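Chemist: Here the protein sequences line up with chains A and B, keeping their order.
In this text, residue positions in the first sequence follow numbering that gives the first Met the number 0: the first is 0, and each later residue adds one.
In this text, residue positions in the second sequence follow numbering that gives the first Met the number 0: the first is 0, and each later residue adds one.
Note that these hints are calculated values from the structure, not bench results.
Nothing here was measured: the structure is a model prediction, and the numbers come from that model.
Take these hints with a grain of salt, some might be off.
Pairwise CB distance ranges, derived in the manner of DEER restraints [said to hold, decoys possible]:
no., chain 1, residue 1, chain 2, residue 2, range
1, A, 193, B, 64, 43 to 53 angstroms
2, A, 21, B, 432, 41 to 51 angstroms
3, A, 144, B, 276, 57 to 67 angstroms
4, B, 380, A, 112, 37 to 47 angstroms
5, A, 396, B, 39, 42 to 52 angstroms
6, A, 321, B, 12, 53 to 63 angstroms
7, A, 193, B, 169, 52 to 62 angstroms
8, A, 10, B, 87, 41 to 51 angstroms
9, B, 380, A, 413, 19 to 29 angstroms
10, A, 92, B, 372, 51 to 61 angstroms
Covered, in the sense of this in silico footprint (three residues per stretch, anywhere, with C-beta under 8 angstroms from a C-beta of chain B), are these stretches of chain A [unchecked claim]:
no., segment
11, 107-113
12, 123-131
13, 244-254
14, 400-408
C-beta: ideal position from N, C-alpha, C; glycine also.
Residues per chain, in single letters:
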Amino acid sequence: MQFLRNLIEKQRKLYHSPDSKFHKVWPLFDAFETFLFAPGHRAGRQGVHVRDYVDLKRVMNTVIIAMLPCLLWAIWNTGAQHFAAWAKVAAGKEYIVGWLQAMFAPNVAAPTGFDYVIFGLQRMLPILIVSYGVGLGIEMLFSVIRKEEVSEGYLVSGMLIALIVPASIPLWQLAIGVAFAVVLGKEVFGGTGMNIFNPAMLVRAFLFFAFAGQMSGDMVWVAGNNGNHLIDGYSQPTALAIAKASGGLDPAVAASDALTKVYTHSDLFFGNIPGSAGEVSKLCVLLGAFWLVFTGVGSWRVMVGGVLSLLASAFLMKTLSGASVGVLSLAPHEHLLCGGFLFGIVFMATDPVSSPETSIGKWIYGALIGFVTILVRTINPAYPEGTMLAILLLNAFAPGIDHFVVAANIKRRLARS
Amino acid sequence: MTTHTIKNGLDLPLAGKPERKLVDAPEPAVVALATAEFPGIKPKVLVKEGDQVKTGQPLFLDKVDRDIVWCSPATGTVQKLEFGERRFLLKVVVTNSGKDEFAPVGKPDTKSREALIKSIKNAGLWPLFVQRPLGKMPRSAAAPAAIFVNGMDTAPLACDPAFATQGRKAELQAGIDLLGRLTDGDVFVCLRAGGDFQSDLRDLKGCAIHEFAGPHPSGLVGTHIRNIQPMKAGEVCWSLRAQDVALLGEWALTGRYPAKTVVAVGGSAAPHRGHFRTRRHAQAAALLGKAPLGDVRIIDGTVLGGSAISADDCLGTRAGTLTVIPEGTDQRDLFGWALPQFGKLSASRSVFSWLMPKKEYVVDARLNGGHRPIVNIGSWDSVTAIDVHTSYLLRAIQANDIEEAVKLGLLEVTEEDVALCTFVDACKIDVGKIVRQGLDLYEKES
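Working from the sequences, and respecting the hints, build out all of it.
Modeler: This is the structure in structure tokens:
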């Protein structure tokens, strides 16, 4: 490795010297160098002389590891859902082959796991590349302007974004969404550590409202190979959409019955369902949650507070309304199995920057996310899912929640004198 | 006796514990007193280069309070006076003859509190006292609400005050008697629950003994004050280590300037690890032997709070621990952030050393990361033993909102109380430095 080190050391002078014409892009060189080799900084001569081996790169890397099960399942399930849907509408139609499939000749009649993965990669790889490419590009540009080291925050955001959009998302829309969220949601506030809203959630919110046709409805949740990355003539509502619609049927039916007619509980838990790419498998989310809590990187208070509150709120709504049909009648545990709440509370609500910093604040914040999610899901007439809006709303309230916790601390201090 | 159990915190398992064996160190070639240890003083030098000085003879005084003097810990010749900008005295270096001739420093004057303070100041022992808030030499005339004597040190590889003061019961008692005259409140002696060598400390009269259990920072004065008698607004407390109380007592019993103390030398790169009886302000080389040490960092203090010095530099006023660790110059791990790293010290399980826990870690002075804005993943809370929201305190300080910072508990902390926050922080923020900026600003504004 000494050879690599020497090579970089030579280049380093070129970028580090302030009179060099390459000095402007020093943050980029530094980002590349510290990606390979841990930075050479040493602790100051006064104060604390030894430091924990953890740095922000490792923290972000830990979150990415936590999301890997979801990503792998996203790749698999995108393919599985695609071929399952195709089987239903195949009669009399010709299968369109995608760019990656063209290299591996898909077995459309009897698709194998290999075909699933190839199709999944065909959709997920471009999404990841656009998400990371656009986001990191903007981050680096701003680092150069600010003359600061490139921060690692976006490494997690980039992956999150890929997991919370439908696999059929048009890439140009995704690119616009990422650019909007990173510039207006993060960089204008000062970059990593300064943003109010979770950048990944902001991307989703932007796409949701700007391109509703590609982010909601019954058509978009299974990816295909036509011009819009869909399967012509195929539509399949998500679990929550089925629950939402159950009250409007004639005759109205209980949401649980409508739901279980289409998806079994084990399908919902393991993720054999259409939906946003990475949130479908509750099992994969739980694996990630365990890793985040075990490493101490994600706050278990937010997660536990959120889940308990979702269950309690759903139970209360069901009991108080007395509804036997419609979405209000959906059982609390089914609220947990449907939709993106679990993914949101584990990976997005725990974002340390946009959530409260005090322990009590985290409990309150998690609990309110659960409550608002249920409110949107059950009361709101239009949106089947409320996790995104709940998290963004509570992101805005997070400093306020902390304010009250900190004010109590101040009060305790004053009470002593 | 009350036992307080501290839950939050962290003991760093560092390699190189000082052996529990007390030996006499060789006499240092020189001793030196530096003014940088006492920010805010205006030193006026009292000797000239080439002057013969005796042990206990004042070398410089503080023009802000002319009673406060700093005395020579050795008998010899003033070798060098170092001045900085505008002839600000930086350092007085004295060659050490090795034989003590004592200059008269007076006895404790117990007529009144004021007289006693004046006699302590004149004897050159006032710099041993630390005032809370601020964590500096006491300045105000206000009597302390209580005096906290620290008989424990939970910092990594630190000198155990109980071990360092064993056999000094008479001196300790004389010191405690003096402290009792300085405050209308209590004198608290804080000891590690279940610690060794404490029989002398536990027998002391005229003070209240409190025990502390749990990981570092259970041994810090800030933690003790918070748990025993939290300060009210406007109050001040004083603190001393047990070793310093023994020095005070030695002066009271003998009328001589106490010139010797015990220093623990530890750390993975230390040539001889143990407890050494040595001259105060001794040159570090006297404790480190003659062999070259290589790429090391010598710390006057512990790895959680101290100054990096060279072997030719001399120890500070409150020296008790000398730590030698590898410096880690130009050591850069390939893919340090991505590999599991089984052998690295970390409080987080994102470093995989929890899979193969080692009893002791060799740690160098690398930062292990780059500086980033505050991203609080909750690691600070888990190592903070006092009721302060550190991240909000830092933000208030960084916004220069000192009024808010005081409300948030600025006056309850010094850099040592937040040292573990600095250690665990993934964004490599020097929390102590920011806290000190806040305290400095507070001092300036009040």
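Chemist: So, for every hint listed, does it hold in this structure?
Modeler: Hints versus structure:
1. A:193 <-> B:64: 43 to 53 angstroms: holds, 44 angstroms
2. A:21 <-> B:432: 41 to 51 angstroms: violated, 32 angstroms
3. A:144 <-> B:276: 57 to 67 angstroms: holds, 59 angstroms
4. B:380 <-> A:112: 37 to 47 angstroms: With Cβ atoms ~45 angstroms apart, the hint holds.
5. A:396 <-> B:39: 42 to 52 angstroms: Because 43 angstroms falls inside the window, the suggested range holds.
6. A:321 <-> B:12: 53 to 63 angstroms: Holds: the Cβ-Cβ distance is about 59 angstroms, inside 53 to 63 angstroms.
7. A:193 <-> B:169: 52 to 62 angstroms: holds, 59 angstroms
8. A:10 <-> B:87: 41 to 51 angstroms: Holds - the Cβ-Cβ distance for residue 10 of chain A and residue 87 of chain B, about 43 angstroms, lies within 41 to 51 angstroms.
9. B:380 <-> A:413: 19 to 29 angstroms: holds, 22 angstroms
10. A:92 <-> B:372: 51 to 61 angstroms: Distance hint for residue 92 of chain A, residue 372 of chain B holds at roughly 53 angstroms.
11. 107-113: Check failed, 0 qualifying residues.
12. 123-131: violated (count 0)
13. 244-254: violated (count 0)
14. 400-408: Result for this restraint: holds, n = 4.
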